[in-house]
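Undergrad: Below are the chains, spelled out letter by letter.
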Amino acid sequence: MIAETHSMPFTDRAEPATQRAAAVWRVLADVMDPEIPVLSVVDLGIVRFVRWDAQDQLHIGLTPTYTGCPATEVIQGSVRRALTRAGYADAHIDTVLSPPWTSDWLSREGRRKLAAYGIAPPAEPVSSPRRLFGEPVVACPKCGSDATHKVSDFGSTPCKAHYRCTACLEPFDYFKCF
Amino acid sequence: MTPSAHIRYVLRLADTSLVLGQRLGEWVGHAPALEEDLGLANLSLDLIGQARLLLTYAAELEGRGRNEDDFAMSRDQSDYLNLALVEQLNGDFGRTIVRQFLLDAFQMELYEALQHSKDARLAEIAARASKETRYHLRYSSSWLVRLGDGTEESHRRVQEALDDLWRFTREFFAADEVDEEMARAGIAPSLSELEPRWSARVDEVLNEATLKRPANIRYKWHGKRGEHTEHLGYLLAQMQFLHRAYPGASW
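Sequences listed follow chains A and B, in order. To convert, note that position 52 of the first sequence is 52 in my numbering; the numbers rise steadily by one, no gaps. My numbering runs 178 ahead of the 1-based position in the second sequence.
Treat the hints as calculated values from the structure; they're not laboratory data. Only a predicted model underlies this, so the values are computations on that prediction, with no experimental measurement involved. A few of these clues could be false.
Straight-line C-alpha distance at most 20 Å; calculated EDC-like pairs for lysine to aspartate or glutamate [unchecked claim]:
id, chain 1, residue 1, chain 2, residue 2
1, A, 150, B, 215
2, B, 309, B, 327
3, A, 150, B, 214
Full structure from sequences and hints, please.
TA: Right, here's the structure in full:
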């Protein structure tokens, strides 16, 4: 089996081992998240593998961000359509739960794109499991100031919290550390 | 035919999340502020997402061709195995927060322990769910502190809710033959081990919130055995209406 696994949080994907895996990764790099249309599924870090099984059947491993995220099914549909268009109509999409996705899986490129889009990227690696209180410093994606405060732990989608900058007074979304 | 202890155990986890998710959904459009409307809806989404994974697994264990929707929409009240706490009415925002906090603190310990389950599928679902639960607990704890250590009225209301809902927490730790069989098989943690950890966490937050921990009293609810309070039937009637009136409906 030729495996191409994307499993290194906080680092960008290594060069795929084979040409044909690279071609599939390129197709996936154009499949955008429906809620944050500047991020591809690869930027999000939810593609866990691209590989062919013993019968030469293509498998794509996708992991959900949040168990109840309504975008999960939309994303599966978008991946399916993109693969079909690119000539991989018989690809299998496998749901992978383990290890669970965290915001550490966002690629560096993804973080940069988020900030440019006006969403503050996660401020720090996901911290100790026992930590309950205490807030990270979140820089305003508009003016760069650290003088921001959290309006709500929850935002317009499951992956975001709602913040406001006290320097430029703009409200903004924060992609939460999770 | 009575389902196996394994299936019943998975259904207890699933139904607890599903029923609480449905209850929280009742707040949409009614919460005291837009942020809390979003917050409670987000909690609800996570819980329903967890329930879907667990119900799908229960259906696979059963192996009779049923799916998550059959389990959610076609079972009667006595086949629902959720903890009785989660079917209790929302009441005011403070009561909803108290209910949420008591359950979040329990699910937190439960899902952390379940990550070491010998059932690999459950361990995987627990790993996913525990990250979400940690966020829920953070939300419910911080609100409990704000309300408990808030005004005289907010303090009174959450203390009353706590006094009233506390009795349902006894069921969390009352192990029956299903819990015992699962613990022996290494599938579930022993509930007596979870209790002191839950208790310590609850005390820590109650203390910060200047709330008084109620005394334990004998429990007489067995939601996880299908014996429910009067509230579950109404909730299911609303949740299952469409599916029952128009079987197989899709859009």
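Undergrad: Take the hints in turn and mark each one as holding or not.
TA: So, going through the hints one by one against the coordinates:
no.: 1; hint: 150(A) with 215(B); result: 16 Å, holds
no.: 2; hint: 309(B) with 327(B); result: 27 Å, violated
no.: 3; hint: 150(A) with 214(B); result: 13 Å, holds
Violated hint: 2 only; the structure is consistent with all others.
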